[in-house]
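J.: Single-letter residue listing:
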Amino acid sequence: MSLQIEEQRQTEGPDGRPRQELVVNVGPSHPSTHGVGRVVVHLDGEVITKADMIIGYLHRGIEKMCENRTYLQVVPLTDRLDYVGSMYSNWAYCRAVERLAAIRVPERAEYIRVIVAEMQRIASHMMSIGSAAADTAAATLFIYSFDERERIIELFEELCGARLTYNYVRPGGVAFDLPEGWTDSVLEFTKAHRKALDLMDRMYFGNVIARGRLKGVAVLGRDDAVAWGASGPVARGSGVDWDLRKHDSYSVYPRFDFNVPIGENGDAYDRARTRLLECYESCSIIEQAIEQMPTGPHKVEGQPRLIMPRAGDAYDHIESARGSLGVYIVADGSPRPYRVKFRSPAFCNLALVPKLAVGHTLSDLVVVLGSLDPVFGEVDR
Amino acid sequence: MAIVDRVGSALEHGPGRVVLSSLDALFDWARSHSQWVMPMGTACCAMEMIASFPFTKFDSDRHGVIPQADPRHADVMVVAGTITRKMQPAVIRLYEQMPDPKWVIAMGNCTVSGGIFYYDTYSVVRGVDEFLPVDVYIAGCPPRPEAVQDALMQLREKIRQESIGPNTRHVRKLTLPGPGESRASVEPSEPGEVG
Numbered sequence: 029m030s031l032q033i034e035e036q037r038q039t040e041g042p043d044g045r046p047r048q049e050l051v052v053n054v055g056p057s058h059p060s061t062h063g064v065g066r067v068v069v070h071l072d073g074e075v076i077t078k079a080d081m082i083i084g085y086l087h088r089g090i091e092k093m094c095e096n097r098t099y100l101q102v103v104p105l106t107d108r109l110d111y112v113g114s115m116y117s118n119w120a121y122c123r124a125v126e127r128l129a130a131i132r133v134p135e136r137a138e139y140i141r142v143i144v145a146e147m148q149r150i151a152s153h154m155m156s157i158g159s160a161a162a163d164t165a166a167a168t169l170f171i172y173s174f175d176e177r178e179r180i181i182e183l184f185e186e187l188c189g190a191r192l193t194y195n196y197v198r199p200g201g202v203a204f205d206l207p208e209g210w211t212d213s214v215l216e217f218t219k220a221h222r223k224a225l226d227l228m229d230r231m232y233f234g235n236v237i238a239r240g241r242l243k244g245v246a247v248l249g250r251d252d253a254v255a256w257g258a259s260g261p262v263a264r265g266s267g268v269d270w271d272l273r274k275h276d277s278y279s280v281y282p283r284f285d286f287n288v289p290i291g292e293n294g295d296a297y298d299r300a301r302t303r304l305l306e307c308y309e310s311c312s313i314i315e316q317a318i319e320q321m322p323t324g325p326h327k328v329e330g331q332p333r334l335i336m337p338r339a340g341d342a343y344d345h346i347e348s349a350r351g352s353l354g355v356y357i358v359a360d361g362s363p364r365p366y367r368v369k370f371r372s373p374a375f376c377n378l379a380l381v382p383k384l385a386v387g388h389t390l391s392d393l394v395v396v397l398g399s400l401d402p403v404f405g406e407v408d409r
Numbered sequence: 119m120a121i122v123d124r125v126g127s128a129l130e131h132g133p134g135r136v137v138l139s140s141l142d143a144l145f146d147w148a149r150s151h152s153q154w155v156m157p158m159g160t161a162c163c164a165m166e167m168i169a170s171f172p173f174t175k176f177d178s179d180r181h182g183v184i185p186q187a188d189p190r191h192a193d194v195m196v197v198a199g200t201i202t203r204k205m206q207p208a209v210i211r212l213y214e215q216m217p218d219p220k221w222v223i224a225m226g227n228c229t230v231s232g233g234i235f236y237y238d239t240y241s242v243v244r245g246v247d248e249f250l251p252v253d254v255y256i257a258g259c260p261p262r263p264e265a266v267q268d269a270l271m272q273l274r275e276k277i278r279q280e281s282i283g284p285n286t287r288h289v290r291k292l293t294l295p296g297p298g299e300s301r302a303s304v305e306p307s308e309p310g311e312v313g
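Taken in sequence, the protein lines are chains S and A. Residue 298 in my numbering sits at position 270 of the first sequence, with consecutive numbering throughout. Residue 250 in my numbering sits at position 132 of the second sequence, with consecutive numbering throughout.
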């Protein structure tokens, strides 16, 4: 089921000579599809002439399930969407609910949200860089980056008791205040993490084998990235200067000083390196946020658990580790949402696979998939 | 305890010694210390499954547990994550590609019962034991890596008690459930069918 030949047939090449077309199935259980994606590729020799991306193997009907729950009960469901970056789905959903119900979030809660979101960005990028490298047989980087991720997971566990599905950001604030001494542990982590990033940069991105494997593969032009609706590191790797934290700033992000790393060539190397450089910026944002963080309540005092917004709709989006994550909610005045729609960046970025894979060899398909960093919980929903 | 303990003491008395044991004990000892795991990760639990394999501090290599993506080389299938109706035939096919003897660990609430997706969704299989013979269940959403390690230890104990005869529980016929039929017919095969 992982990799197998579907059919063989004789066709005529563009030069009029006969050629044998081979249809090969990759997935849905293949270690380098990063989940349960399936690609059916048509091969001429070893070169891909056509690639079909087939999704839906993890369609769990989360958007439909949201309609049967109260606004607060939906938050745990959003954890299971982007399971590498649960904080983002929590936050994007809560922002939309807060806009719908006109809830004003305390300042301290906003700072806590920024800190956990940036830590989540580091964790997600570590997973993305490491697993994409492991697909191209550079397993050493995976061990280093997974170690970094594990430290963040431990800090999150200290914060909210869960390692993966946090249910931490809630409408009106966050679930718990920071534990005592937690910010010191975070500052220790960011200090150590910068050194680890330096090491990874030298070890992988300076490596001649990795450069040879990633440079010039899956090139996405600047205009194409805009036209295909790419966002996040996929768009920024192609030179599109688009980051919602900067260009449609939300929460307390305008108060921080940070850069948006941008690639030049739009190939797999630039996308992966953009992610690495973003981790430096995230460290800087975390440090600034801890320094500026005010005291005060971590959630709205006296807010009822049953949120009943008036009939209407609201859309809000944040910059997740994969791009613009939007949530659209329609309310009909009842305690349950009438419709919840997630605009997931991984889904939009994954649409690029048929475009990017053509012309490359079958072995480069894993580079194409790894550089787009799909999370199928979010793609299929 | 295991046959290997008696081998050591027999060798102390010099060469040419004989150890008497049952074939079951020999095979079970070998099988229980070499569990090659096929990671059937589909969703969130797959992240914790990766965390419990030999990449981080939860080093499973020391127990002889090695992840092996190819089902033809694997002994244990760890089903980690939600199995949807669309994914179900693929899981069954991968299970059938694994050589006997084979075991299944159901990791996470989704594979135990459907978990958070039990009540009001239309596309999720309510537990992999509807179509696979599960040996060890791990509860949790997702379970901690320590729980995965514990499940592998429990499976080791279970393997040690099994017989290598043909009519063991892990040789089963699997069929996809038809429309309106939730549980697949999981029947033990006839003795002597597998040589």
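Take these hints with a grain of salt, some might be off.
Straight-line alpha carbon distances no greater than 30 Å define the calculated BS3-like cross-link-like pairs of lysine-lysine that follow [claimed, not checked]: (1) Lys-274/S / Lys-327/S; (2) Lys-204/A / Lys-369/S; (3) Lys-383/S / Lys-204/A; (4) Lys-92/S / Lys-78/S; (5) Lys-223/S / Lys-175/A; (6) Lys-78/S / Lys-204/A; (7) Lys-383/S / Lys-327/S; (8) Lys-92/S / Lys-204/A.
Chain A is nowhere near these chain S residues, computed Cβ spacing over 12 Å in every case [to be verified]: (9) Glu-35; (10) Met-93; (11) Asp-107; (12) Ala-255; (13) Glu-292; (14) His-326.
Keep in mind the hints are simulated off the structure, nothing from the lab. Yeah, the Cβ is synthetic: ideal placement off N, Cα and C, and Gly gets one too.
J.: Now, for every hint given, state plainly whether the structure supports it.
T.: Each hint tested on the structure:
1. Proximity of Lys-274/S to Lys-327/S is assessed by CA-CA distance (about 25 Å); at most 30 Å being required, the pair is judged to hold.
2. Proximity of Lys-204/A to Lys-369/S is assessed by CA-CA distance (about 22 Å); at most 30 Å being required, the pair is judged to hold.
3. Only pairs whose Cα atoms come within 30 Å are accepted, and Lys-383/S paired with Lys-204/A is accepted, the gap being roughly 25 Å.
4. For the hint pairing Lys-92/S with Lys-78/S, the CA-to-CA distance comes to about 34 Å; that exceeds 30 Å, so the pair is violated.
5. Between Lys-223/S and Lys-175/A the CA atoms are separated by roughly 20 Å; this keeps the pair inside 30 Å, and the hint holds.
6. Only pairs whose Cα atoms come within 30 Å are accepted, and Lys-78/S paired with Lys-204/A is accepted, the gap being roughly 24 Å.
7. Using a Cα cut-off of 30 Å, the hinted pair Lys-383/S and Lys-327/S is violated, with the two alpha carbons roughly 45 Å apart.
8. Between Lys-92/S and Lys-204/A the alpha-carbon distance is near 17 Å, which keeps this suggested pair within the 30 Å criterion.
9. At the 12 Å boundary, the C-beta of Glu-35/S stays outside the reach of chain A, the nearest C-beta of that chain being 18 Å off.
10. With a least beta-carbon separation of about 6 Å from chain A, Met-93/S fails to lie farther than 12 Å from that chain, contradicting its non-interface assignment.
11. Distance check on Asp-107/S: its Cβ comes as close as 8 Å (rounded) to a Cβ of chain A, failing to clear the 12 Å threshold; non-interface status is violated.
12. Its beta-carbon lying about 30 Å from the closest one in chain A, Ala-255/S satisfies the requirement of being farther than 12 Å from that chain.
13. Non-interface call for Glu-292/S relative to chain A: holds, since the shortest CB-CB distance, roughly 32 Å, exceeds 12 Å.
14. No Cβ of chain A comes within 12 Å of the Cβ of His-326/S; the nearest lies about 25 Å off, and the non-interface call holds.
The structure is inconsistent with the numbered hints 4, 7, 10, 11, although it conforms to all the rest.
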